[in-house]
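Colleague: The primary structure of each chain is shown beneath.
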Amino acid sequence: MRLTLRVWRQTGPGEPGAMTEYQVSGIVPEMSFLEMLDVLNEELILRGEDPVAFDHDCREGICGACGMVINGQAHGPERTTTCQLHMREFGDGDTIDVEPWRAAAFPVVKDLVVDRSAFDRIIGAGGYITAPTGSAPDAHAVPVPKEAAETAFENAECIGCGACVAACPNGSAMLFTSAKVVHLNTLPQGAPERESRVLGMVGAMDAEGFGGCTNAGECATACPKGIPLPSIAAMNREYLRAARRAPR
Amino acid sequence: MTMALATRTASPSALRTLWGSTVGKKAVMATTGVLMLLYLVAHMLGNLKVFFGPDDLNGYAAWLRTLGQPVLHHEWFLWTARSVLLAAVVLHGVCAYQLSRRDIAARPTGYAHKRHRASYATRTMRWGGVILGLFIVWHILDLTTLTVNPRAQQGHPYENLVASFSTWYGGGVYIVAMLALCLHVHHGFWSAAQTLGANSARRDRALKITATVLAAALTIGFLSVPVAVMTGLVR
Ligand code: HEM
Ligand code: FES
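Read top to bottom, the protein sequences are chains A and B.
Each residue of the first sequence is one higher than the one before, starting from 19 at the first, in this note's numbering.
Each residue of the second sequence is one higher than the one before, starting from 30 at the first, in this note's numbering.
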C-alpha cells in the first residue's frame, strides 16, 4: 500500500505547528497503525529528519498510552486503540489525517504526544480506596453482589487513554471520571469515601479546564473499552447525592 | 462533627458547590428545563381549547386568573407561575451561556479533519435555545402585552391569536419556533434525565422514546393552532 499522511508536526510545547504531508509506501494490511508510523519514522531518520513523536507502550491495547485522532476519529475508524488498529481498515492511495488529542487540559508536548497528567491529578483527588496495606485480603472476605461486580468491572476496563476527551465536542473528561467514580463507588471497598471521592474528582476535573457534558455521546462511541454513556448519569447521581449530604 | 455533617440538609454551601461545578450547573439547567417542559405540556393542552370555540378558550383564560380563589387573590396564581417561569428561563439561559463558554474554551485548537460530532438536535441546542429565547420575548409582546399585535384587544385571547396567526409573520415566527422546540426537547428531555442521574442502561431506550414522543406531541399540539387559523379552520 502507498499512503499519503498528513501529520501534525509541532517541535515543542506552545510552539506553532502544522499539518505536514508525507508519502509512505511498503505498507501491508497486516501492519498496525503504529507499525505504519514506524515505517514512516525509519524513512525520516534515514533522510536525517526528525521522526514523528507519538506515545505508545504495550502495543496490545491495555496500557492506554497510544492515542491519536485519525481522520477526525479518536483511535481511528475501528473501535479499538491505535496500536490495535490495522492498516486493512484503509485503502491503497488513501490520504490519512493524523492529529494529537485536542483539549486545553491536554497540551501538546510534541507532534502527536500530549500531556495527560491532568488525568493523574483527577485520580489523585479520589480515584483510590483507603485500605490497610500488607498481606492481600482473603478472596470473598467482602461479599460483592453480582450486579455490582459486573458494573464495577465494566467501568474498571477504562485504560485512561483520553479518547473520550479527544472525541467530545467540549473536550470533557466526564466519561473517564465517571468510569473511575462508578467503578469504586459501586463496590463496598469504595464506600467509605463515596461522597468525598465524587466531589473531589469532579472538582479536580473542572479545575483542569475540561469542558462540561452536553450528552453528545461521542465519548462512549470512541471509547476503545466500551465504557457506557449511562456511567455519566450514574456519576451525576452520585455527585448530586454527595453535594446534598456533605457540603464543603 | 460527623453527626452534624450527616444530619445537615441542603445548605447554602451545598448550593455553592452545585453552582460552582459543571455537573451542578448542568443540573440547574436540567431542572429548569424540565420545569419549563411541564409548563409547556399544560400550555399546549390549554391551547387546544381553541378548537371548541371562542367562549371555551376565553373562559379558560379567565379561569386562569381566578384560579386559587378565594385562598389566593385575583391573578395571584398567574403571577406566581409567571415569576417561576421567568426565574427558570433566566437561570437556564445563564447556565447555558456559562457552560457553553467553558466548553468552547476547553477545545482551543480544533481538528484539521472536520467531521460532524453528535446528532443534529444535539448540535443545535445552543442556537435553538437562542431562537426559543427570542421567541419567548416575541410571544409575550404578541399575545400577552399585545404590543406587536395591532388588531388585538386585552381580554380576548381567542380573537387575538386569530389576528396574530392571520398575518404571514405571526404564523411564520410561531412555526419556526415550534420546530426549534421540537429539536430542543428531543435532545433535552433525555439529556435532562442523564444530567439528573435518572438514566441507566436499562432505562436508556425508554427515555429516548419518551423524548421523541414528547417532542412530537408538543410540536404537533402547538402547531395545530396556527395551522388551523392559516387554513381557515379556526376563524
Ligand atoms: C421553552 C423553553 C425551553 C425548554 C422547555 C428547555 C428545555 C431544556 C432541557 C430539558 C434541557 C436539557 C438539560 C440538560 O441536559 O441538562 C435543555 C438544555 C439546554 N437548553 Fe433549553 N429549554 C428551553 C429554552 C432554552 C433557552 C431560551 C435557551 C438559550 C438561552 C436554551 C439553551 C439550552 C442549552 C444550551 C442546553 C444544553 C444543551 C446541551 O447540553 O447540549 N434553552 N433545555
Ligand atoms: S500502546 Fe498500550 S494501548 Fe496502545
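There could be a bad hint or two in this list.
Distance ranges between label pairs, derived from CB positions [said to hold, decoys possible]:
id, chain 1, residue 1, chain 2, residue 2, range
1, B, 105, A, 207, 34 to 44 Å
2, A, 56, B, 148, 30 to 40 Å
3, A, 161, B, 45, 49 to 59 Å
4, A, 138, B, 48, 24 to 34 Å
5, A, 96, B, 155, 52 to 62 Å
6, B, 168, A, 76, 57 to 67 Å
7, B, 105, A, 149, 54 to 64 Å
8, A, 244, B, 155, 28 to 38 Å
9, B, 176, A, 209, 51 to 61 Å
10, B, 48, A, 67, 22 to 32 Å
No lab work stands behind these hints, which were simulated from the structure alone.
A virtual CB, placed ideally from N, CA and C, is assigned to each residue, including glycine.
Colleague: Does each hint fit the structure? Answer for all of them.
Modeller: Verification of the supplied hints:
no.	hint	verdict
1	B:105 <-> A:207: 34 to 44 Å	54 Å, violated
2	A:56 <-> B:148: 30 to 40 Å	38 Å, holds
3	A:161 <-> B:45: 49 to 59 Å	38 Å, violated
4	A:138 <-> B:48: 24 to 34 Å	27 Å, holds
5	A:96 <-> B:155: 52 to 62 Å	31 Å, violated
6	B:168 <-> A:76: 57 to 67 Å	58 Å, holds
7	B:105 <-> A:149: 54 to 64 Å	58 Å, holds
8	A:244 <-> B:155: 28 to 38 Å	29 Å, holds
9	B:176 <-> A:209: 51 to 61 Å	59 Å, holds
10	B:48 <-> A:67: 22 to 32 Å	52 Å, violated
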